[in-house]
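Student: So the protein lines, in turn, are chains A and B. Residues in the first sequence are numbered from 1 upward in steps of one, following our numbering. Residues in the second sequence are numbered from 1 upward in steps of one, following our numbering.
The set of hints was computed from the structure by calculation and includes no laboratory data. Hints are not guaranteed to be accurate.
[Unchecked claim] Some but not every residue of chain B turned toward chain A, in silico, with C-beta under 10 Å:
hint, residue
1, Arg50
2, Arg87
3, Arg91
4, Asp113
5, Glu182
6, Phe189
7, Thr197
8, Ala198
9, Ile200
10, Gln206
11, Glu221
12, Gly358
13, Leu359
14, Arg360
15, Gly512
16, Asn518
[To be verified] From the derived model, a few chain B residues whose C-beta atoms are all more than 12 Å from chain A:
hint, residue
17, Thr90
18, Ala95
19, Asp151
20, Arg171
21, Asn253
22, Glu259
23, Gln268
24, Leu320
25, Pro489
26, Val505
27, Val575
28, Lys576
29, Arg608
Values in this document were obtained by computation on a predicted structure and should not be read as measured data. Cβ atoms here follow ideal geometry from the backbone N, Cα and C, with glycine treated the same way.
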Amino acid sequence: MRVRTYSSTDEQHQFGAFRWDLAFVGDDLDERSRAAITLVNSAAKEAHQAAFTVEQPHRLRVGANLLGPKELAKLIGKARSLVLETTTLGTVEVLQFLRAARDAHLDSVDCLYVEPKDYEKDTFLESSWSRDFSLSDSHRVAGVPPFLPMQAQLTDRNVRLVAMLGYESSRLAGVFEQDPEMVAWRKFAVVGVPGYSPGWEQNALANNVDTLDTHQFHPVRYCSASSVSGAYDLLTQIHAEGHDENPHTTVAPLGTKPHGIAAAMFLVDHSSYQQASLLYDHPIRIKGRSSKVRRWHLYRIDLTRKP
Amino acid sequence: MNKLAAAQAFAKNRSEEGELDLWGEFVVPLYFDKLSLDEIRKPIVFEGGRGCGKTTLLRYLSHATQLSPRRQITKDTLPKQLGLYLRADTRYLRAFQGDALEEGDWQKAFEHDLCLIIVGELLSTLKALTLPNRIAEFNEVQHVRLTSFTDFIGDAPVEPPALLAHVKRMRNQLAMWLNNPEDEAKPRFLPLKQVITALIDDIRAQAPQLSSTVFFVFLDEYENLLPYQMRIINTYLKHSGDPLVFHVATKRNGMATRETLSEERIQQSHDFNVFDVEAHLEPDFQLFAAELFCFRLRKKGFNVGPDAISTELLCSPSDLAQRRENEDYKRSTVEAARRILPVRRGVEAARSVLTQGGLRNKLKQQLDEVLGRAEDSLRADLFLRDDVPIESICTGALLHQGKDPKMVLSELEKAALGQMSKFKTADWSHTYFQGCLYYLYLPQQKPCILYAGFDSFISISKENARHFLELCHLAMLNVELTAEGDIMPVEPELQAAAARAASAVFMKETQGSGQYGNRLFHVANTLGQIFRLSHARPSQSEAERTHFSVSSGELSEEASTILSECIKWSVLFEVKETKVKDTKLSYADFVLNPIFAPHFGISYNKGRKLDIKADDATRLLVGSRDEMNMLVKGYQKTWKLDEGEQLSLFDQGKA
């Protein structure tokens, strides 16, 4: 897959002209969500709300219906152009829509994403964790078909974890606690540098440094926090390292949404022959987690290109 | 041998970091014979917080260790029961749900997966018995043919090695189907109990060495299962017995349901016994920790502790009595640990406070806050006497409680002269000394000296081997060696700093505590700050507060869930009390895990209690960040007022 990126600080200037047959949006959680949903609703002929829940791992809720992979592909196959509003959709929803779009033989999928001006910070009295952020509450590691690993194979393969890191240190610590087998794997981390705003990358590094150190990660790799293509290239590169050793790459997209989109593209590309699997903690995002709007991005993903 | 090796001895302290084969590595806990594994055929629910050693115990009891290639095994030394270890894998098992299938089909799919894992484990035990150096003893095992498996899967091979590969393929097919249930053919689901017992029958009939072997299934991390999966395991617990017994390990409050697949529920004592790992560790934890300490250092080549400390003694369950009952052995082992990790308590600790500028100034300031208000004020220096350091340190708090400075000074003089004083008769020293030490250290950069010492490490780690090992790991980074290569005692200041660093690591780690990890971290942080504020009260009227109870009402359901999670993840320990309070016959105290104490600068002992009203406790457990901050600020305000009131009382007394 390849990505073309359109970015602007003013949605009307660049983005007002886009039109789509079909759109999927998630929950309205903050100012930027509202702005993004408003734009998509006015530019798409048909828009549906969608959500993945761990209790229904084989389905995706679209509007009032729970759709399996075939039904999803059928719904998407009717449209000629599709936009995913990824500010509000979660990484798993993006992943399932991309997979369905590929199954429905769509040429491309657009992903809209709006950066926040600021994130909600934890302000604790005398807290030594002053960089901590309150972006989500509940975290449960749970598999997402068809991106589950074959457990019986993992012991014989060169398994590596690629953790894409964000601001919430609890998430990386949590996946290690809930999936301790990873301790024995080779571990890579990807951090968004530069961040959306100068200095933000420090948060991702500072908040995760203890876990990276404890679990002996390889040197951290960097790519811009808003770059889908950069993150996708990094994933592909890491996966290609040691290609002779029958590698299996487990991706944990715990960082920015553009990195989550890249992880989704990588997984759809590499899910055959058990080359890759997803490790995800399904955060429940907090309302009012960010304030105002910074930059708008539209990522046009070309599904016709093979990896 | 270098000093780095001393720290490396403690670097590995998580069970996941180790191999499945723990032979020669696992120090058999002193409670081990209480498990009575040779006799019991009733399932055990191993319960305890993370880090207490459940996983290592289960791995020790499983075939990878029992039949370790490093071990000499004969027909006579073959364990009577062989363990099959499996861990509930969250990522994978949570995909076995949803309306893609009826719940009955998910049950069958889950049982099928479980069955394949157990068959794999069973076949691995046979493989371990047919290693080249064991063939002579276990010749029949290599000729076992598992024909009964073909009753379920017609084309399956009957030779164990080929069947092992076949079962692996079946697991892959199951994963493929689980990934694409719409496209892939549904595998034929195997009935667990029938398959496993049929295979055991085959083995018992053909290999006389295994004719009476009982197989124990150890399912680790039971709490990760979905409710229907727990019901299936509960059913197997209920129907356990020769030749297949199920045991599970879980965190506290991890058994979310007692239901089975039928109408029956499983009952403690009747269907299973609970083995509380921490409670069993507690009586001998000091010795066990000292043994771990010496053993790990001896393995790195250091001559620490009695020569009896060896793999032969500690890694074998047969010498438990000798370890528990030989007083010389016990004393010399504990003393060896104490020598390297010395304490600084009592007079010594008090003296070092009086000689260190920052701490002495803080005490002087504490005294001046009171003395400065009186007209005929005494000088603070009069209360700082090197000949009675413990008593001197308590005077600041006594004055803040409104006691007459002249009277306190006169009692101090009596103590200095060796006469009976209220420091003894009214228990002033005993009641206030430790609290005053924490108080004086709170605003300092350096951590309180009371965190140093082997015995302090024991209290801070509270039956948690992992916490103890991490405390040792960080403390030993500062170790120095003599010219002969012996380990020198680690300075108490450096130990205290190590304790604070380890405490911060584990505090941060609470964020990874399951579904509500972030919330649990915030609860611990808020509570730690409240207790810290309590320790910062100059009067020390409620010294060393480290636990709370809920009064005046009930917690909301949501708050009760978080409280239960706090206990499950050992953020809090529940201590049940049986006495009448708020018209209830029994109630519970909740103690903050002492591993967090050095981070907050508070006491690691169960000191005084804080009664928190149910509304405030709900805010503490499920409130927004702002509400939690408000709660902390509320205590700050109230306690400042309290201190002010007491001072004004004293002023009145003077008038």
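Student: Please settle this one: B:Arg171 was flagged as non-interface, so is its CB more than 12 Å from every CB on chain A?
Tutor: The claim breaks: B:Arg171 does not keep its Cβ more than 12 Å from every Cβ of chain A (closest is about 4 Å).
Student: Could you check if B:Asp113 really has its C-beta closer than 10 Å to a C-beta on chain A?
Tutor: At about 9 Å, which falls below the 10 Å cut-off, the nearest Cβ of chain A leaves the hint on B:Asp113 intact, so it holds.
Student: Take the shortest C-beta to C-beta distance between B:Glu182 and chain A; is it under 10 Å?
Tutor: holds, 6 Å
Student: Hey, is B:Val505 genuinely clear of chain A, shortest beta carbon separation above 12 Å?
Tutor: It is violated; B:Val505 is separated from chain A by about 7 Å at its closest Cβ, not greater than 12 Å.
Student: Would the non-interface assignment of B:Asn253 survive a Cβ cutoff of 12 Å against chain A?
Tutor: B:Asn253 is indeed farther than 12 Å from all Cβ atoms of chain A, at 17 Å.
Student: If I take the minimum Cβ distance from B:Pro489 to any residue of chain A, is it greater than 12 Å?
Tutor: Its Cβ never comes within 12 Å of chain A, the nearest being 28 Å, so this holds.
Student: Using the nearest Cβ pair, does B:Thr197 come within less than 10 Å of chain A?
Tutor: Violated: closest Cβ of chain A sits about 23 Å from B:Thr197, beyond 10 Å.
Student: With a cut-off of 10 Å on the beta carbons, see whether B:Gly512 makes it to chain A.
Tutor: Interface hint status for B:Gly512: holds (3 Å vs cutoff 10 Å).
Student: Hint validation: B:Ala198 versus chain A, beta carbon distance must be below 10 Å. Holds or violated?
Tutor: Nearest chain A Cβ about 22 Å off; hint violated.
Student: Does the interface hint hold: is B:Leu359 within less than 10 Å of chain A, judged Cβ to Cβ?
Tutor: Violated, because the Cβ-Cβ distance from B:Leu359 to chain A comes to roughly 20 Å (cut-off 10 Å).
Student: Per the CB criterion, is B:Gly358 less than 10 Å away from chain A?
Tutor: violated, 19 Å
Student: Minimum C-beta separation from B:Lys576 to chain A exceeding 12 Å: can you confirm that?
Tutor: holds, 28 Å
Hints 6, 7, 8, 9, 10, 12, 13, 14, 17, 18, 20, 26 from the earlier list are contradicted by this structure; the remaining hints agree with it.
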